[in-house]
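K.L.:
Let the sequences and hints guide you as you build the complete structure.
The numbering of the sequence shown is the working numbering, which starts it at 58 and goes up by one.
Simulated from the structure, these hints should not be mistaken for lab results.
Cβ atoms here follow ideal geometry from the backbone N, Cα and C, with glycine treated the same way.
The list that follows gives simulated cross-link-like pairs (lysine to any residue, SDA-like), each with its CA atoms no further than 25 Å apart:
1. Lys164 <-> Leu140
2. Lys211 <-> Asp172
3. Lys169 <-> Ala179
4. Lys211 <-> Val151
5. Lys84 <-> Arg165
6. Lys169 <-> Ala197
7. Lys211 <-> Ser189
8. Lys84 <-> Gln163
9. Lys84 <-> Arg158
10. Lys93 <-> Glu162
11. Lys211 <-> Thr182
12. Lys169 <-> Val151
13. Lys194 <-> Lys222
14. Lys93 <-> Cys171
15. Lys194 <-> Lys211
16. Lys169 <-> Arg149
17. Lys93 <-> Pro177
18. Lys93 <-> Gln139
19. Lys154 <-> Arg78
20. Lys194 <-> Phe213
21. Lys154 <-> Gln139
22. Lys169 <-> Arg212
23. Lys211 <-> Leu185
24. Lys164 <-> Arg203
25. Lys169 <-> Tyr83
26. Lys169 <-> Thr87
27. Lys211 <-> Thr188
28. Lys93 <-> Cys207
29. Lys211 <-> Ser146
30. Lys164 <-> Arg186
31. Lys84 <-> Val151
32. Lys211 <-> Arg190
Derived DEER-like restraints, expressed as beta-carbon distance ranges:
33. Asn187 <-> Arg165: 18 to 26 Å
34. Thr216 <-> Glu162: 14 to 22 Å
35. Gly70 <-> Lys169: 23 to 31 Å
36. Arg190 <-> Ser73: 49 to 57 Å
37. Gln153 <-> Glu210: 21 to 29 Å
38. Lys227 <-> Gly178: 44 to 52 Å
39. Gly70 <-> Val199: 29 to 37 Å
40. Leu223 <-> Gln153: 34 to 42 Å
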Amino acid sequence: MAKAKGKKGSSGGVNSHVRARINYLYKAATYLQSAKPRTREAVKTVTKTQEDEVTPDSARIVPLVSAKESPTGGDCPQYHSQLARMCISQMRGVSQKSQLRLPIEQKRSFCKRCDTLLIPGANCTEELRNTSRGARKPWAEVRVVRCNGCGTEKRFPQTDKRSRKLSDRKQDPKPENKADSMDQT
58 MAKAKGKKGS
68 SGGVNSHVRA
78 RINYLYKAAT
88 YLQSAKPRTR
98 EAVKTVTKTQ
108 EDEVTPDSAR
118 IVPLVSAKES
128 PTGGDCPQYH
138 SQLARMCISQ
148 MRGVSQKSQL
158 RLPIEQKRSF
168 CKRCDTLLIP
178 GANCTEELRN
188 TSRGARKPWA
198 EVRVVRCNGC
208 GTEKRFPQTD
218 KRSRKLSDRK
228 QDPKPENKAD
238 SMDQT
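P.N.:
Printed below as a string of C-alpha cells:
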C-alpha cells in the first residue's frame with residue numbers, strides 16, 4: 058500500500074522539517090555573506106572589556122574566538138563567503154533530493170553556477186534591458202543580474218504578459234461598457 062501524500066495547503070505538512078532546514082540554510086548563508094569582518098583590535102577590546110567585567114565569583118572566562126583570522130590582522134571575508142556558498146550548495150542539494158521547489162525569492166537570490174548569494178552592488182550587478190528596436194515594446198523589459206564571481210547572467214522578465222487571449226477577451230466584456238449602456242437607457 059502506498060503512503061498517503063500530504064495536502065498542499067496544510068500547515069506543517071509532510072515535508073515541514075525539510076522546509077525548515079532549507080530556510081535555516083538560506084538564513085545562515087545570508088548572515089554569513091553580510092557579516093562584516095572584525096579586526097584584531099576590535100577582538101582585543103572586546104576581550105579586555107570582558108576581563109574587566111569578570112568578578113572573582115565567576116569560575117570560567119570564555120574568550121571571544123573568531124572563526125579564521127588572516128595574517129594581516131582581520132577575519133578573512135573570503136572565509137565567510139565560502140561558508141555562505143557551502144550553505145547555498147547544501148540548500149540546493151536538500152531541495153533537489155527531496156524534490157521540493159525553492160521559493161522564487163530564494164531561487165532568484167543566488168547564482169546557479171557558483172552558488173554565491175547575490176547582493177546587488179557587492180558581488181553582482183543589476184540592469185534593465187529592453188532589446189526591442191528603440192525600446193518601443195515596454196513588455197520586452199528584462200532585469201539582468203550578472204554575478205561578478207563567475208560572470209553568469211540571470212534574466213527575469215519585468216512586465217506582465219502582453220495581453221489576454223482573444224477568446225478570453227470576447228467572453229468577458231469590460232464592466233465599464235455595461236455601466237455606459239445603463240446610463241443611456
